[in-house]
Amino acid sequence: MIIATYVKHVPDAEARLAADGGRIAVDDHAYALDGMDEYGVEAAVRLKEAGLADEVVALAIGPARSEAALRTALALGADRAVLLETDDDLDPLAQAGPLAEATRACGAELLLVGGKQADWDSAALGPAVAEALGWPVCDWTTELRLEGREVAAVHDVDDGSEAWSASLPVVVTTQQGLNEPRYPTLPNIMKAKRKPLERRPLTATARVVTLAAALPSRARRGVRLEGDAATVASELARRLRDEAKVL
Amino acid sequence: MDFALPDDLLALQRAVRDFAQREIAPVAVELDREPRFPRATLRKMGEMGLLGILTPEAYGGLGLGYLAYAVLLEEIAAADAAHATIASVTNGMPQSLILTHGSAAQRDRWLPRLAAGDAIGAFCLSEPHAGSDAAALRTRARRVDGGYRLDGSKAWITSGGEADLYLVLAKTDPEAGARGITAFVLERDTPGLSFGAPERKLGQHAAITTSVRFDDAFVPEDQRLGEEGQGFVMAMSALDGGRVGIAAQALGIARAAFAAAARHAEEREAFGRPIREFQGVGFKLADMATRIEAARLLTHRAAWLLDRGTQATKEVSMAKLAASEAAVFVCDAAVQVFGGYGYSADYPVERYLRDARVTTLYEGTSEIQRVVIARQIHRETAR
Chain P
1 MIIATYVKHV PDAEARLAAD GGRIAVDDHA YALDGMDEYG VEAAVRLKEA
51 GLADEVVALA IGPARSEAAL RTALALGADR AVLLETDDDL DPLAQAGPLA
101 EATRACGAEL LLVGGKQADW DSAALGPAVA EALGWPVCDW TTELRLEGRE
151 VAAVHDVDDG SEAWSASLPV VVTTQQGLNE PRYPTLPNIM KAKRKPLERR
201 PLTATARVVT LAAALPSRAR RGVRLEGDAA TVASELARRL RDEAKVL
Chain S
1 MDFALPDDLL ALQRAVRDFA QREIAPVAVE LDREPRFPRA TLRKMGEMGL
51 LGILTPEAYG GLGLGYLAYA VLLEEIAAAD AAHATIASVT NGMPQSLILT
101 HGSAAQRDRW LPRLAAGDAI GAFCLSEPHA GSDAAALRTR ARRVDGGYRL
151 DGSKAWITSG GEADLYLVLA KTDPEAGARG ITAFVLERDT PGLSFGAPER
201 KLGQHAAITT SVRFDDAFVP EDQRLGEEGQ GFVMAMSALD GGRVGIAAQA
251 LGIARAAFAA AARHAEEREA FGRPIREFQG VGFKLADMAT RIEAARLLTH
301 RAAWLLDRGT QATKEVSMAK LAASEAAVFV CDAAVQVFGG YGYSADYPVE
351 RYLRDARVTT LYEGTSEIQR VVIARQIHRE TAR
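Line by line, the protein sequences give chains P and S. The first sequence begins at 1 in my numbering and counts up one residue at a time. The second sequence begins at 1 in my numbering and counts up one residue at a time.
Just so you know, these hints were derived from the structure itself, not from any lab. Just to be clear, a hint being listed does not mean it is correct.
Using 30 angstroms as the maximum straight-line C-alpha spacing, the simulated DSBU-like pairs for lysine-lysine come out as follows [unchecked claim]: (1) P/K193 <-> P/K48; (2) S/K44 <-> P/K191; (3) P/K195 <-> S/K44; (4) P/K195 <-> P/K48; (5) P/K193 <-> S/K44; (6) S/K201 <-> S/K284; (7) P/K48 <-> S/K201; (8) S/K44 <-> S/K201; (9) P/K245 <-> P/K48.
Label pairs and their in silico Cβ distance ranges [what the hints assert, rightly or not]: (10) S/R268 <-> P/A213: 31 to 37 angstroms; (11) S/P274 <-> P/L168: 19 to 25 angstroms; (12) S/D118 <-> P/E143: 31 to 37 angstroms; (13) S/A197 <-> P/G177: 28 to 34 angstroms; (14) S/A259 <-> P/D119: 22 to 28 angstroms.
Every residue gets a Cβ at the ideal spot worked out from N, C-alpha and C, and that includes glycine.
Take the sequences, apply the hints, and build the full model.
Printed below as a string of structure tokens:
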């Protein structure tokens, strides 16, 4: 059984962002493997280590720099990587078709995708690619087991969590709580450089066109309460109860 | 001329930064207050590959050069200086001397354990009466049937009592001065090998430091490294690498102190504005950043020279001198930027200052670095 795991190269959570001429500008070195996708890579590698999968293929769609995210996935234990290379900003729906095709092409029967993509916070890719593949999807997954061809999962729903099961092939979207991703060790980072990485040019048409982007301006919302201790305390309590509604 | 680090090294740096900030930084305060040898984090560092950075892959190390060593050690030190000290000792002399002077059997026997972090290495040169004047050491190794018997004591041994392997320099020929010194590798459980209580120190409390005693300790002949009389020369030839490591460590501590001070200067307000707006604070931050940047350039260049196989004794000493003095300057200035809070153990900068202070002392004091630099200048000038 082959597992495909989607990885996206997104700005690091600590990266400094600047909006420059209506585009978000980020230094190339400030990108990292999307944390949401990391749970998927970890899940795939654990299934392989448990002898339940034969191969883990990391798939990415994006510009050439996305190779770094794939190398991280390879350092975490993926066996090989495929980059569908494009400089266009493709929305999740535009990515779904090519990702479905690449998943089929590598013979995978389980596709893992981050529950949402950290850069634009979209949770659409997993369900969209499942639709394109015609496979069932389990989203926001926090537990994943594989017994033979049966997938048993637990995932978040609006009012709690739900047990979910289906037969392969399936798409599973991952999130915090599914596992604790390992660190890429330095020897594995170095070995990852020698693992196979295939680049294929991708031409696809974006359905969403970004006209302009700007950073939200942050207003300081701190409030300083003045007065003696008793006055400040009762005013604080009032605000916590009536305004913040946390008491 | 390209001042950017190679992409491959940036990837390793990022991985180590994440690792160090998530695994090492959170235990630094506790280890400073309740000193103990940080076995759990050292184990994780071994798995990361951080305890065999320079040792070739064939022996389970990473096989990286000194530039990478400096970059990665800076990341460890920025999280906690004590971990960087333990790492630099076990990465340094024990592994580099076994690699360059050990027999094939000795390399196979010790290097994989050290490089994987399964064994921590210690280096025993200094003695109570022989610090900067290391050739004056008195520990004696007498030839006996099948090996040697060691008598004497060593001082300021990092990881003393905790390390598994001890690279020891002892006199086999007391008449021959520096040329009468020989290197040996001892296992911790060697009969006759014992350790003093951990020294109480200004900083870097988790980098346990003890005296080491030898009472008629027997060392088999196959645990002698190199030939008799070669010990001092081999140790001196490996000093440059160790000094680059201390320079990198000093940079890491300085960087952490600077980051804390810069943040504090943004957040702390006095007289109605952030204190960074006062030139007294702003100029301090500017000087701190400039000293760090200058020291980092010297350190990376010295490491780069070593990687090219160039003689770099002067440049390495300049880097060590500049980086360690910068670290003390920057940490002291950071305390000043924090004001009274800087003196409080509830804030990190007093610890950075205590941790940084030793960097101008070990692996050659600042004065010794100047002696080395001046001697090299003389050699270049008098030629």
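Open item on the list: Need the list of violated hint numbers for this structure, in ascending order.
Closed with: The structure breaks hints 7, 9, 11 and 13; every other hint is satisfied.
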